[in-house]
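> The lines below spell out each chain.
Number of protein chains: 2
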Amino acid sequence: MAKQLIECVPNFSEGRNTKVIEAIVEPFRKKKGCSLFDHRADKDHNRLVVSLVGEPESIQDVVLEAAKTAISHIDMEHHKGSHPRIGAVDVIPFVPLQNIAMEACVELAHSFGHRYYQETGVPVYFYEEAALKSERKRLEVIRKGQYEALKKEVDNPERHPDVGEPRLHPSAGATVIGARKFLIAFNVNLATDDVNVAKEIAKAVRSSSGGLSHVKCIGLSLEERGLVQVSTNIVDYQENALYRVLELIRTEARRWGIPVKETEIYGMVPAGAILDSISFYMQTTDFDPNQVIELRLLRMLRDNEA
Amino acid sequence: MAKQLIECVPNFSEGRNTKVIEAIVEPFRKKKGCSLFDHRADKDHNRLVVSLVGEPESIQDVVLEAAKTAISHIDMEHHKGSHPRIGAVDVIPFVPLQNIAMEACVELAHSFGHRYYQETGVPVYFYEEAALKSERKRLEVIRKGQYEALKKEVDNPERHPDVGEPRLHPSAGATVIGARKFLIAFNVNLATDDVNVAKEIAKAVRSSSGGLSHVKCIGLSLEERGLVQVSTNIVDYQENALYRVLELIRTEARRWGIPVKETEIYGMVPAGAILDSISFYMQTTDFDPNQVIELRLLRMLRDNEA
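For the protein sequence lines, the chains are A and B, in the order given.
Residue numbers for the first sequence follow this note's numbering, so the first one is 1 and each next one is one higher.
Residue numbers for the second sequence follow this note's numbering, so the first one is 307 and each next one is one higher.
Hints should not be assumed to be uniformly reliable.
[To be verified] EDC-like mimics (lysine to aspartate or glutamate), calculated; alpha carbons at most 16 Å apart, straight line: (1) B:Lys-567 <-> A:Asp-286; (2) A:Lys-32 <-> B:Asp-609; (3) A:Lys-261 <-> A:Glu-239; (4) A:Lys-261 <-> B:Asp-592.
For the record, the hints were derived by calculation from the structure and aren't laboratory data.
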C-alpha cells in the first residue's frame, strides 16, 4: 500500500526580506519525510507561499518549526502588503493527496491547531472543512478587516479564536488552520493601472457576488509594475475549470478594452486541471490523462511500489 | 541508476476486425518488463497503433511475437484504408525514453531488423535515425506509392529493401523499422466533406511543401463521418510546438470559412508538449513543469528508486 501523503501550503506574511524568507524555508529543505515542492515570495503581496508534500507527522513537525521562525521575525504592527492577512503565519491548510481521507486531515488540523497554540501562543481559527462554526468555513469571514480590524474586534464573542485567549499575539497576530481540497491560485494581470477595473472584474467572477461557484477573487494593484491583478483561488478545480476562470476574466476585461497581459499559476497545480484546459483550447475529444507519458510512468512506479 | 526504458510504437494494418486487433494486442498485456501504454484502432485509417514502454529486451521479444500474429492474419492484397502503408506490420520505431541514448536505439533497430527478417521473411527498410541511405530518413520516401506501387518497383535497386531479397512478402508486404525521437500524432477534423480542403491545408502546414519544419501532414477523408482530416505528425515537439500546428490549421481553414470541428491526440504525448501549449493559450509566464504535482511526485519516486 502506497504511503499517506498530504500537501501543506503555509502562507507567511513576508515577501520582501530574503534573509527572513530563507530562514523560514530552510527547515523544509532539510526535513526527512517531506519535500519542498514550491515556494514563492511576492513583493506586492508581501507574502510567502510554500507547498510541501510528505507524510503527516513530518509535515506537522517541520511546519511548526518554520512557523516559530516566522513568528520571531515578522511584526504585524509594521506589515504592509496587498494581500489580506491576519498573522505572521497567516494560513496553514492541510490537503489530502494520497491514501488519506479529508476527515483525517480535519482531525489533523484540529490536533495541530492545539499544539500550535501551546508552543507559540498565537491564537488559532479553524477554516474550510475544519471549521467549528459554519461561517468560518470561509476564510474571508475570519480575515474580515484583516489584522488591524481583528485586533480591535477579537474580544467580541463573534470573533473569538477557536483556540486560545480572545486576544491577538502582540506581533504575530493570529493563524488560520484548516483542511481543504487542492486549491489553485491563479492570477491574471491586466494592462492598466486602474485598480477599479480589477475590482469590478473580481466582483463579476467570484461566487460571493454571483460569479462562478468555487471561485474566490479579489482585485488588487501591482504598484511596482503599474499593472492591476485579478487574483483568484479556485477552491474546487474539478467543478470549476481553470480555463473558464480565465475566459470569463478576458470577457469582462473587454468591457474596458483592456487586454490580459499575462497570467500566473501560483504554486502547485494538479495535472487534471491542465489537461481539462488544454482539451478546451485545443478541442481535443476523448483525451485521456493516461495518454500523457509521465502520468503513465508515475502509475507504473506506484504499481511497483505497492 | 534508474533502468533503461524505451518506447516502441508498432503500427499494424488492421483497424476494423476486433478479433485480429485483440490477437495482436494480447501479448503486450501479458509480457513482463513492458507496459501497454496505449493502443487505438481507426476504421477509416484501417490501422492499429500501439504504444509500449519497457526494457529493450522485453520490448523486442514481444513486438516480434505480435508481428507474427499480424503477418498471419493480414493480407495486404485485400487491405484498404486512408492511411499510407506498405505492410501488415507497417512501421516499428524505437524511441529512447530513460537512461538510453539515440545511438543505442539505432543499433537496436538494426539488430532487431535482421532478426525480424530471419523469423518472418518480411523484408525491412530502415528509416529516420536508423536509415542507411539518407533519403530513407523520410518515411514517405520509403512508402511512396504505398504497397501497390512498391510491389512493382521493389526490384528497382533504388527501392531494394535494406534487409532481405528484393521482393515483398506475398501477403504481408514489407516493414519499416527505425529509431526516432518521440513523435506526436495529432489529427484535426474539419466540418466539411471536401477532401481537397484538407489536402490544401496539409500542403500549407507540412515542411516538405514549405510549411512548419518538423511537421509531416496529409489530408484525408473520414468517409464514415462525412468529415475530412488534417493528419499531422510532429517529429520534434520541442522545436515545433503543438499549439502552433493547430493554430496554423485554424488559420488556413478560415480561407474556406470552415471551422475546426475537433482534434485528437493520437496515442501518447509528453507532458512538456501539453505544458508548452497551455502556456500559450493561458498566457502563463514562468510556468514550470515542476509546478505540476504529479510530475513532482514522479521525480520523488524516481529519486527513491535511484
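> Return the numbers of the hints above that this structure violates; sort them in rising order.
3
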